[in-house]
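S.K.: As they're listed, the protein sequences go chains A and B.
Residue 53 in our numbering sits at position 43 of the first sequence; the count goes up by one each step and never skips.
Residue 97 in our numbering sits at position 87 of the second sequence; the count goes up by one each step and never skips.
Don't take every hint at face value.
Repeated chains share a single entry, so a pair holds when one copy, or any two copies, can fit it.
Said to hold, decoys possible - Straight-line C-alpha distance at most 20 Å; calculated EDC-like pairs for lysine to aspartate or glutamate:
#, residue 1, residue 2
1, 22, 85
2, 66, 88
3, 22, 110
4, 66, 117
5, 66, 154
6, 66, 85
7, 22, 57
8, 22, 42
9, 66, 24
10, 22, 104
11, 66, 42
12, 28, 44
13, 66, 110
14, 28, 85
15, 28, 98
16, 66, 97
17, 22, 117
18, 66, 20
19, 22, 44
20, 22, 98
21, 66, 135
22, 22, 119
These are computed hints drawn from the structure, not numbers from a lab.
What follows is each chain in one-letter form.
Protein chains: 2
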Amino acid sequence: MTDEPRSGPERKADVLAKLNAPVADAWVATADGDPYLVPLTLAWFGERVLLATASKSPTGRNLTRSGRARIALGDTRDVVLIDAVLDETIPVGESGAAGEAYAEQNDWDPRTAGSGYVFLALRPERIRAWRNESEISGSLVMRDGVWLV
Amino acid sequence: MTDEPRSGPERKADVLAKLNAPVADAWVATADGDPYLVPLTLAWFGERVLLATASKSPTGRNLTRSGRARIALGDTRDVVLIDAVLDETIPVGESGAAGEAYAEQNDWDPRTAGSGYVFLALRPERIRAWRNESEISGSLVMRDGVWLV
Numbered sequence: 011m012t013d014e015p016r017s018g019p020e021r022k023a024d025v026l027a028k029l030n031a032p033v034a035d036a037w038v039a040t041a042d043g044d045p046y047l048v049p050l051t052l053a054w055f056g057e058r059v060l061l062a063t064a065s066k067s068p069t070g071r072n073l074t075r076s077g078r079a080r081i082a083l084g085d086t087r088d089v090v091l092i093d094a095v096l097d098e099t100i101p102v103g104e105s106g107a108a109g110e111a112y113a114e115q116n117d118w119d120p121r122t123a124g125s126g127y128v129f130l131a132l133r134p135e136r137i138r139a140w141r142n143e144s145e146i147s148g149s150l151v152m153r154d155g156v157w158l159v
Numbered sequence: 011m012t013d014e015p016r017s018g019p020e021r022k023a024d025v026l027a028k029l030n031a032p033v034a035d036a037w038v039a040t041a042d043g044d045p046y047l048v049p050l051t052l053a054w055f056g057e058r059v060l061l062a063t064a065s066k067s068p069t070g071r072n073l074t075r076s077g078r079a080r081i082a083l084g085d086t087r088d089v090v091l092i093d094a095v096l097d098e099t100i101p102v103g104e105s106g107a108a109g110e111a112y113a114e115q116n117d118w119d120p121r122t123a124g125s126g127y128v129f130l131a132l133r134p135e136r137i138r139a140w141r142n143e144s145e146i147s148g149s150l151v152m153r154d155g156v157w158l159v
């Protein structure tokens, strides 16, 4: 890994590559007062992050109540951090193109998981991307839902 | 990766290996109502997780207020999840053996980072470890601060 910081457009391209990667696993933090954190596989469709979970899982309940998640992609030395808001909760049986896109990108199909499952469609508001100390400055690539680069 | 689930003692050994690894990075989730999540390097000393951060960072403030964190080690297909409570906040200048242990295990020394930095010593209460679907059952290796295996 070089110490040369990536440009903003390079970082945006790397963020999108991670969001579009096959079987893109993420750490999803939500809160109900106490912090909750769990790994989930996401898809990227229509400028939204799609998560799939049981609607009664802690992540499902927390998001339904608070509407907010913080999502980490990559590893701790190649970080993408996304603050996102819940845009829509879609029962798997009514998920149309979104469910199609999720199953296409990933190694499991939540539409076969039963009626308690939902897609949570989250809209990114703020995204930071950095690899090392030299990249902390310039790490903000999206603010208020708008790409800065 | 095999589908053969690890035994409880194997999982405990793997958890301790991750906690004791050189430069052990973790995802640390805290909350102040909204979820917060950031990568931090930890040390394992005296049965406690040591984090180092500025006392005024979001993680420092959230932990001081709520006393709770959820920490993920490993990656999304080799998961260790630790629910932990803040046991002690130690200014870096008064950290003695704890500071020594942190600097020894890691690639930076928070004691040189200035007086605003603290070690947050967290006591694990609940730990789960799993790699795949077949390991979800039996993933609980610590409950109420006591190793179950």
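S.K.: Now, for every hint given, state plainly whether the structure supports it.
M.R.: Evaluated hints:
1. 22 - 85: within (16 Å within a copy, 23 Å between copies)
2. 66 - 88: So residue 66 and residue 88 fail the 20 Å test inside a copy (32 Å) and across (24 Å) alike.
3. 22 - 110: neither (25 Å within a copy, 39 Å between copies)
4. 66 - 117: Answer is neither; intra-copy 22 Å and inter-copy 41 Å both fail.
5. 66 - 154: For residue 66 and residue 154, the Cα distance exceeds 20 Å both inside one copy (29 Å) and across copies (24 Å).
6. 66 - 85: For residue 66 and residue 85, the Cα distance exceeds 20 Å both inside one copy (28 Å) and across copies (25 Å).
7. 22 - 57: within (13 Å within a copy, 40 Å between copies)
8. 22 - 42: Classified as neither; 31 Å inside a copy, 28 Å across copies.
9. 66 - 24: Neither: 33 Å inside a copy, 30 Å across copies.
10. 22 - 104: This pair counts as neither: shortest intra-copy Cα distance 31 Å, inter-copy 42 Å.
11. 66 - 42: Answer is within: at 13 Å inside a copy they meet the 20 Å cutoff, but 22 Å across does not.
12. 28 - 44: neither (28 Å within a copy, 24 Å between copies)
13. 66 - 110: The answer is neither: 23 Å in one copy and 44 Å across copies each exceed 20 Å.
14. 28 - 85: Cα proximity of residue 28 and residue 85: in one copy and across copies (11 Å, 15 Å).
15. 28 - 98: neither (22 Å within a copy, 37 Å between copies)
16. 66 - 97: Cα proximity of residue 66 and residue 97: one copy only (18 Å, versus 31 Å across).
17. 22 - 117: This pair counts as neither: shortest intra-copy Cα distance 25 Å, inter-copy 29 Å.
18. 66 - 20: neither (38 Å within a copy, 31 Å between copies)
19. 22 - 44: For residue 22 and residue 44, the Cα distance exceeds 20 Å both inside one copy (32 Å) and across copies (25 Å).
20. 22 - 98: Neither: 24 Å inside a copy, 39 Å across copies.
21. 66 - 135: neither (25 Å within a copy, 24 Å between copies)
22. 22 - 119: neither (28 Å within a copy, 32 Å between copies)
Of the numbered hints given earlier, the model fails hints 2, 3, 4, 5, 6, 8, 9, 10, 12, 13, 15, 17, 18, 19, 20, 21, 22; all others are met.
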